[in-house]
Amino acid sequence: MEKVISVEEVSSFFKDGMSIMAGGFMGVGTPEKLVSALLDSNIKDITLIANDTAFVETGVGPMVANNIVKKVITSHIGTNPETGRKMIAGEIEVDLVPQGTLAERVRAGGSGLGGILTPTGVGTVVEEGKEKITVDGREYLLEKPLRADVALLKAYKADKAGNLVFHQSARNFNPIMALAADLVIVQVESIVEVGEIDPNDVVTPGILVDKILV
Amino acid sequence: MEKVISVEEVSSFFKDGMSIMAGGFMGVGTPEKLVSALLDSNIKDITLIANDTAFVETGVGPMVANNIVKKVITSHIGTNPETGRKMIAGEIEVDLVPQGTLAERVRAGGSGLGGILTPTGVGTVVEEGKEKITVDGREYLLEKPLRADVALLKAYKADKAGNLVFHQSARNFNPIMALAADLVIVQVESIVEVGEIDPNDVVTPGILVDKILV
Amino acid sequence: MITTLVNTKEVIAARVAREMKDGDVVNLGIGLPTLVPNYLPKGVSVILQSENGYIGLGPVTGEIDPDLVNAGGQPAGILPGGAFFDSLFSFQLIRGGHVDVTVLGGLEVDAKGNLANWVIPGKMVPGMGGAMDLVTGAKKVIVAMEHCSKKGDPKILEECQLPLTGKGVVDLIITELAVFSVTEDGLVLEELQEGVDLDTVKEKTAATFKVNPNIA
Amino acid sequence: MITTLVNTKEVIAARVAREMKDGDVVNLGIGLPTLVPNYLPKGVSVILQSENGYIGLGPVTGEIDPDLVNAGGQPAGILPGGAFFDSLFSFQLIRGGHVDVTVLGGLEVDAKGNLANWVIPGKMVPGMGGAMDLVTGAKKVIVAMEHCSKKGDPKILEECQLPLTGKGVVDLIITELAVFSVTEDGLVLEELQEGVDLDTVKEKTAATFKVNPNIA
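Chains as they are written, first to last, in our numbering: chain A, 604 to 817; chain B, 604 to 817; chain C, 110 to 325; chain D, 110 to 325.
Simulated from the structure, these hints should not be mistaken for lab results. Yeah, the Cβ is synthetic: ideal placement off N, Cα and C, and Gly gets one too. Please note that the accuracy of each hint is not assured.
Straight line, CA to CA, 20 Å or less: simulated SDA-like cross-link-like pairs of lysine to any residue [claimed, not checked]:
{"hint": "1", "chain 1": "A", "residue 1": "Lys618", "chain 2": "A", "residue 2": "Ile676"}
{"hint": "2", "chain 1": "D", "residue 1": "Lys276", "chain 2": "A", "residue 2": "Leu745"}
{"hint": "3", "chain 1": "B", "residue 1": "Lys814", "chain 2": "B", "residue 2": "Glu635"}
{"hint": "4", "chain 1": "C", "residue 1": "Lys248", "chain 2": "B", "residue 2": "Gly726"}
{"hint": "5", "chain 1": "B", "residue 1": "Lys673", "chain 2": "B", "residue 2": "Ala692"}
{"hint": "6", "chain 1": "B", "residue 1": "Lys606", "chain 2": "D", "residue 2": "Lys276"}
{"hint": "7", "chain 1": "A", "residue 1": "Lys673", "chain 2": "D", "residue 2": "Pro235"}
{"hint": "8", "chain 1": "B", "residue 1": "Lys747", "chain 2": "A", "residue 2": "Thr737"}
{"hint": "9", "chain 1": "D", "residue 1": "Lys248", "chain 2": "A", "residue 2": "Asp643"}
{"hint": "10", "chain 1": "D", "residue 1": "Lys232", "chain 2": "A", "residue 2": "Leu745"}
{"hint": "11", "chain 1": "A", "residue 1": "Lys747", "chain 2": "B", "residue 2": "Lys760"}
{"hint": "12", "chain 1": "D", "residue 1": "Lys276", "chain 2": "A", "residue 2": "Arg741"}
{"hint": "13", "chain 1": "A", "residue 1": "Lys747", "chain 2": "B", "residue 2": "Lys747"}
{"hint": "14", "chain 1": "B", "residue 1": "Lys763", "chain 2": "D", "residue 2": "Asn321"}
{"hint": "15", "chain 1": "D", "residue 1": "Lys221", "chain 2": "A", "residue 2": "Lys618"}
{"hint": "16", "chain 1": "B", "residue 1": "Lys735", "chain 2": "A", "residue 2": "Lys618"}
{"hint": "17", "chain 1": "C", "residue 1": "Lys221", "chain 2": "B", "residue 2": "Val738"}
{"hint": "18", "chain 1": "B", "residue 1": "Lys760", "chain 2": "B", "residue 2": "Thr682"}
{"hint": "19", "chain 1": "C", "residue 1": "Lys259", "chain 2": "C", "residue 2": "Lys221"}
{"hint": "20", "chain 1": "B", "residue 1": "Lys674", "chain 2": "C", "residue 2": "Pro235"}
{"hint": "21", "chain 1": "D", "residue 1": "Lys232", "chain 2": "A", "residue 2": "Ile691"}
{"hint": "22", "chain 1": "D", "residue 1": "Lys249", "chain 2": "A", "residue 2": "Gly726"}
{"hint": "23", "chain 1": "B", "residue 1": "Lys747", "chain 2": "A", "residue 2": "Glu742"}
{"hint": "24", "chain 1": "D", "residue 1": "Lys313", "chain 2": "D", "residue 2": "Ser290"}
Here chain B is said to cover these stretches of chain D; the calculated rule only asks that three of the stretch's residues, wherever they fall, bring their Cβ under 8 Å from a Cβ of chain B [to be verified]:
{"hint": "25", "segment": "161-167"}
{"hint": "26", "segment": "185-193"}
The whole structure should be built from the sequences, with the hints applied where relevant.
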């Protein structure tokens, strides 16, 4: 199966109302070209799952600023004033999740787990509406899996089979989101032939990657 | 802190009745020198946590064959007839755990989770004595974390800070066990200076590694 | 074409191979299932996952590497485009539905799709290894086994007697006599192997089953 | 020696630095806590964990790499011996007790060790980011903050009024006036900063506290 696509093909994967996971931490490790293609594709009512909503102009920030997002599931919105403004105005719904819990929920969604028990958030508003389970005398919150229709990821290098390696702190949520979406599209800085990445160095195996944009 | 130790120092870390995790899959990726040091140290009543009990003569197999193990928590004992024989004779206790569940339990133990919900084992004897939790209409078993006093691991290469890289299929349980024991001792094939391993290539960061044996 | 397959195991493996689609990610159990790649139709190649920690399982090439074994602990190779990972990640792939097909042997299979293949109490207790995760997580579970035990007893039952590996997990049963699918209404005989008649299958199967009308 | 620290934040950071032990793995929150490494005693070096995915956070060296930022999104560096990983692994380290000390700012802290520092309802809703995991998982939680708000209101309270970041999680509170430990019996004043008297601390603290007898 040919995985390498052109930027023109990207928009065909988007639909109104879909859920989208996007890699990145304050824009670092976010696939800007894929976000840009999403903005151009004129869709709406997206549920966005991302570590943070970055800045108005960078990362996933423009998705929020450009009114295509209905709901955000994220750990931090403080650097993008548009997210807070729209939330207070009732224009978008924001579900704030502790960062480690967000990572665990995405991994659970991609790993066939029904959830994980975390001590994070016990005794805070985070526990509202969640089941509390005591294991060996300590209370934990049952946090449920998260999945998305599409994951928009960024990697440093891919081979044509989709094997990925990442660069510096741009790795962040990208590898776990590769497990947790029905369609995984990755923007890479360079692409090499199959066999050129040492199998010991692969971080995300190609079987998880559906489409590659250079 | 100097992490590199000599084989003579290894035995000082062992005590009767302690729990020990050991990396390896049918002996591949098992630190044979550390197992050998353990056998020489004349301790007893160990709880062993390992993927399998390997063979009578290799991997963690000799630990079982040499009567130092009181209990084994493992996914497979079929290749070491001594484990089955001693189990039937009532000489050791064997707790059989599905392989993926064993990996999850070790990770949970090393990651501050109270447990994970897995569909694996539902409707089988594995569910005996465990809490069943229904999430979004599907039943899962609550599987609890596993930790050990000591982890005996094997890596391909370490730097002097303890950063580890692994080789081929010898990785298996080693990286997750590095998270889940109070004392982590790693046998490596070679050791290099700090800075010689690219931070992008490190699989297990040195802060998890206490002692290194070349 | 397959008339040259004199061996029962080869007949089974060759039929299993026809279930594979090009590009499928496949995990093969120890024994009979490992024969499957030898019989893949032209134009179909699959990617083998090895639960001890990699994608791209292949034959040994060059010198044997003691650090590179398959899930049976035997020397193996890795193909270009493969990737190594740890046991946790390996079972994230398996449990998370990233493996398309798993092929396992069976001691007993029943009309509800239950499978027993990991223990005979008091006799053989090897442990479940990765089998319980595989049958729970793989998208399609194929049991590939001889139709009857060495003693001649049926292995396809109304209800398994041995401790289960998985409950309601089996999609397809392939033996040297027949192919059954497991449906909500129970077993359906989908195919007879070449030269096998329906009465033989009925006689050697201890479960009721429907017959696909396509079978003459 | 520290009389040259004219700035309140520097006084706090310098005192926090004295809590560090050589080799500690430390996560520093955004703002004031990032000043701590400037004041580490001789012979003490710590390993900084950055929750966006690495160990060995250091200053920028050479050219700025857009792929290398700290948890505040600012350009950063990595020291020799550092390691990159993904967000999942980063929080495995944090939640799993592999981080020795975390230093965070606070909006309110109380006598039960509760901390509030992530939201002022209706006013400021940045989100908790990694703070809830850090206070839950780190072995030692130090709140480093100015003793009172900009309006002059006490931030150390009998009971937090704002939504909590963590319940019963704080070990030590360090301000420009004093150092408090949180014990099962409530707050204990452990130290007065240089030139500060007990009455000032009492006046500016809205929680009852015991006084360590070592304080003259």
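Hints, one by one, checked against the model:
Restraint check for A/Lys618 and A/Ile676: satisfied, since their Cα atoms lie roughly 19 Å apart, inside the 20 Å limit. Distance restraint check for D/Lys276 and A/Leu745: the Cα-Cα separation of roughly 17 Å lies within the 20 Å cut-off, and the hinted pair is therefore satisfied. A hinted pair counts as satisfied when its Cα atoms are at most 20 Å apart, and B/Lys814 with B/Glu635 qualifies at roughly 16 Å. Distance restraint check for C/Lys248 and B/Gly726: the Cα-Cα separation of roughly 18 Å lies within the 20 Å cut-off, and the hinted pair is therefore satisfied.
In summary, the hint linking B/Lys673 to B/Ala692 is supported, as the alpha carbons are separated by about 13 Å, within the 20 Å threshold. Restraint check for B/Lys606 and D/Lys276: the C-alpha separation of about 36 Å exceeds 20 Å, so the hint is violated. The straight-line distance between the Cα atoms of A/Lys673 and D/Pro235 is roughly 18 Å, inside the 20 Å bound, and the hint therefore holds. A C-alpha spacing of about 11 Å is found between B/Lys747 and A/Thr737, which places the hinted pair at or below 20 Å, so the restraint holds.
As the CA atoms of D/Lys248 and A/Asp643 are separated by approximately 47 Å, the hinted pair breaks the 20 Å bound. A distance of roughly 29 Å separates the Cα atoms of D/Lys232 and A/Leu745; the hinted pair therefore is violated under the 20 Å criterion. A threshold of 20 Å between alpha carbons decides the hint, and for A/Lys747 with B/Lys760 the separation of about 37 Å lies outside it, so the pair is violated. Only pairs whose Cα atoms come within 20 Å are accepted, and D/Lys276 paired with A/Arg741 is accepted, the gap being roughly 13 Å.
Distance restraint check for A/Lys747 and B/Lys747: the Cα-Cα separation of roughly 16 Å lies within the 20 Å cut-off, and the hinted pair is therefore satisfied. In summary, the hint linking B/Lys763 to D/Asn321 is not supported, as the alpha carbons are separated by about 42 Å, beyond the 20 Å threshold. Only pairs whose Cα atoms come within 20 Å are accepted, and D/Lys221 paired with A/Lys618 is rejected, the gap being roughly 49 Å. Under the criterion of a C-alpha separation no larger than 20 Å, the hint pairing B/Lys735 with A/Lys618 is inconsistent with the structure, at around 37 Å.
Proximity of C/Lys221 to B/Val738 is assessed by CA-CA distance (about 23 Å); at most 20 Å being required, the pair is judged violated. Taken as a hint, the B/Lys760 and B/Thr682 pair is broken in the structure, with Cα atoms around 29 Å apart against an allowance of 20 Å. In summary, the hint linking C/Lys259 to C/Lys221 is not supported, as the alpha carbons are separated by about 24 Å, beyond the 20 Å threshold. A distance of roughly 16 Å separates the Cα atoms of B/Lys674 and C/Pro235; the hinted pair therefore holds under the 20 Å criterion.
Pair hint D/Lys232 plus A/Ile691 holds up; C-alpha atoms about 10 Å apart against a cutoff of 20 Å. Using a Cα cut-off of 20 Å, the hinted pair D/Lys249 and A/Gly726 holds, with the two alpha carbons roughly 19 Å apart. Distance hint between B/Lys747 and A/Glu742 is fulfilled; the C-alpha atoms sit about 13 Å from each other, no more than 20 Å. The straight-line distance between the Cα atoms of D/Lys313 and D/Ser290 is roughly 17 Å, inside the 20 Å bound, and the hint therefore holds.
Against chain B, the segment 161-167 of chain D contributes 3 residues with a C-beta closer than 8 Å to a partner C-beta. That satisfies the three-residue criterion, and the hint holds. Proximity of the segment 185-193 of chain D to chain B, defined as three or more residues with a beta carbon under 8 Å from a beta carbon of that chain, is established by the 6 residues found.
Checked against the numbered hints given earlier, this structure breaks hints 6, 9, 10, 11, 14, 15, 16, 17, 18, 19; the rest are met.
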